[in-house]
Amino acid sequence: MYKRILGLVAVAACLAVPAAAAVSLGDAAGSYTISPAASSIRFTVGKAGGGGFDGAFARFKGNIRIDNSDVERSRVNITIFPESVGTGQNRIDAFLRSDAVFDAANNPEIQFRSTSVNRTSATTAVIAGQLTARGKTFPEKFTAELDGLKSGTIKFHVTGKVLRSRYGMDVGTPLYSNVVDFDMTLTGKRG
Amino acid sequence: MQTSITNTATRYGWAMIILHWLIGVIFIGQFVLGVVMVRIPSQRASFELIQLHKSFGFLLLGLVILRIAWRLGNAVPALPASVGTLERRTAPLAHFALYAFQIALPLSGWALVSVSTLEIPTMPFNQFVMPNLPLAESDAAESFWSAAHWYLAYAGIALVALHIAAAFRHHFLLRDSVLARMITPSSDGE
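Here the protein sequences line up with chains A and B, keeping their order.
So the first sequence is numbered by my numbering: it starts at 1 and just counts up by one.
So the second sequence is numbered by my numbering: it starts at 192 and just counts up by one.
Because the hints were derived from the structure by calculation, they are not lab data.
Computed far set for chain A versus chain B, every beta-carbon distance over 10 Å:
no., residue
1, Ser35
2, Ser40
3, Gly55
4, Asn107
5, Lys141
6, Thr153
7, Gly160
The calculated label-pair distances, taken between Cβ atoms and stated as ranges, are:
no., chain 1, residue 1, chain 2, residue 2, range
8, B, Phe335, A, Thr87, 15 to 25 Å
9, B, Ile256, A, Arg113, 53 to 63 Å
10, B, Trp212, A, Gln89, 37 to 47 Å
11, A, Thr87, B, Ala356, 41 to 51 Å
12, A, Gly52, B, Ile231, 23 to 33 Å
Beta carbons: idealized from backbone N, C-alpha and C, even for Gly.
Bound conformation, chain B alone (with noise of 0.2 Å):
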């Protein structure tokens, strides 16, 4: 049997897993970085923290595009036989707000950096100038998507946290395939 890198009507393909990972890991470092680098108190390490989340962000968002389409040319595995009713309805709607602040959040913090007054550039990873949103630069605009960048993050983060618990639940209390089919490949044996 061989890993598959596509998705079967029950299990996800290795590339699947491997964006879900991959996204979250850097999704949750990216909130813990935002954290740390408007509160430290160096202004050297602020800045170059700054320009690291940046560069995460620019990332994430290249990840998230992939995973999307990637997501929209695959099968989506079916939910096991014992997930009741509720949760086969919300939990689409929770992975959905989940793939909705993916995207919202490194376009806000690319809004937040295009309209700031500061005008520094972006650089990801120093490696290619990014251009900035067609965005009019403002204190006021500034202001504004700061502020929405910190509300879409600890709202993302909290979602996280409930899909990090439901996950736990489906493993440890109702002992299904949930979480562990994230975390083994499907087969061509499947």
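Same shape as in the complex, but just chain A (with noise of 0.2 Å):
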């Protein structure tokens, strides 16, 4: 616990310095690798009337990179298998895969390619860019948490809001919200 709070400090202190003094925190800056084992991208989407369900992608893969001389210029990719949506209910897995939804067989992958990090607390940042689902490509926006850091682990916690309309994907609504409701834990393992 005291290492990481220690980890926190040094990133913070990252974050808040100028540039020129970042070199001494190489701590931080590097590239990483997401751990799917110890990642998780969850989803959910409101129902009307109250509720709503809960998934998750099993599979996905990405890294991070922290710049070691300014952070904003970090970037963060991922790519999401939407073959391997789970909802804990099998015929609406089978609805989610299929091409009313996510279409895996012809668009297996979602792509997440960052383009700016602006960074807005100490630990937190919102991190902009360029997601492809279905052929069809609009910028989002994630919030970032850092959640810890140790030897060459590095953990964030994000969120964020797509519209899946704009994806094709806006089957059921108004049944189903247009919003799907992210909310990520990646952890980036170095190298």
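Dock chain one against chain two, each of which comes alone in its own frame, and use the hints as you go.
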């Protein structure tokens, strides 16, 4: 725990200090590969009349590069395999994989490529990027919060809302909300 | 002579005539839609057709309640004198059964969506959320109500076919007023 606090302080310092002074904080800087085993990509879609349904993607890959000199030049790329979607209900999973939603057979990957990182506090940032799903690309924003940093491992809690209608996945509106709430834990391992 | 909204001793008023044909068209349309929606390959089209089927089901239920209330509060036109004893006895039974199916089909559909483990909300014509019936959700209950809804649908449509055949028999073979009076309303002059 003590070590973790130290780590957070180190990153907070890294985020807060001017670029020239960041050299000594090579701790956080570097390239990380997202570890699916220690990460999760969950989502919730609200339902008319209350409640909603939750799902998660079991398979994804990606990397995070924290820039040594300027945190705002950091990058994150994530590829999700929609075939791996799971909601706990087989019929819903089959529906989501079908051409009604992800059309996973023809569009096996959903990609996010960051375009900018804007620091909003010592441990939070807004990550903007291009999200591509079903052949359509739109800019999206996610909020990332540093959730842990220890030797060689960095952990972020990432949240964001995506309008599914833009990606040709508007089926079921207004019974089901157009807004998909993402809640991700992304753990990167150095290297 | 002005057409009448209410029934008379021998004729149907236009309220009953409109309800009859509207419900008849929706009932048969719902059967066709129900068969198509579960066989269509596109999951998206299937989903949307099922929601449409649910919407029309609730519309049907509302119209049927109105129709039964109207029927109970109105005179039932007597059959023409030429109608035989057997038919005079069985026709009311067939009509009672038709009403029973008109009620049972939407209710069994409502039960089906209420117990379904898919928990898909119901919004008739995307206007408002229709609450579920207070029934426990389970895969077993869903299978039961799904089967019940299908059997009722097939039995109901068979009875509708019989009803149509009887109407044609009256019109083309017996040449009486039974079908015609369900098309032309009663009037004040009668």
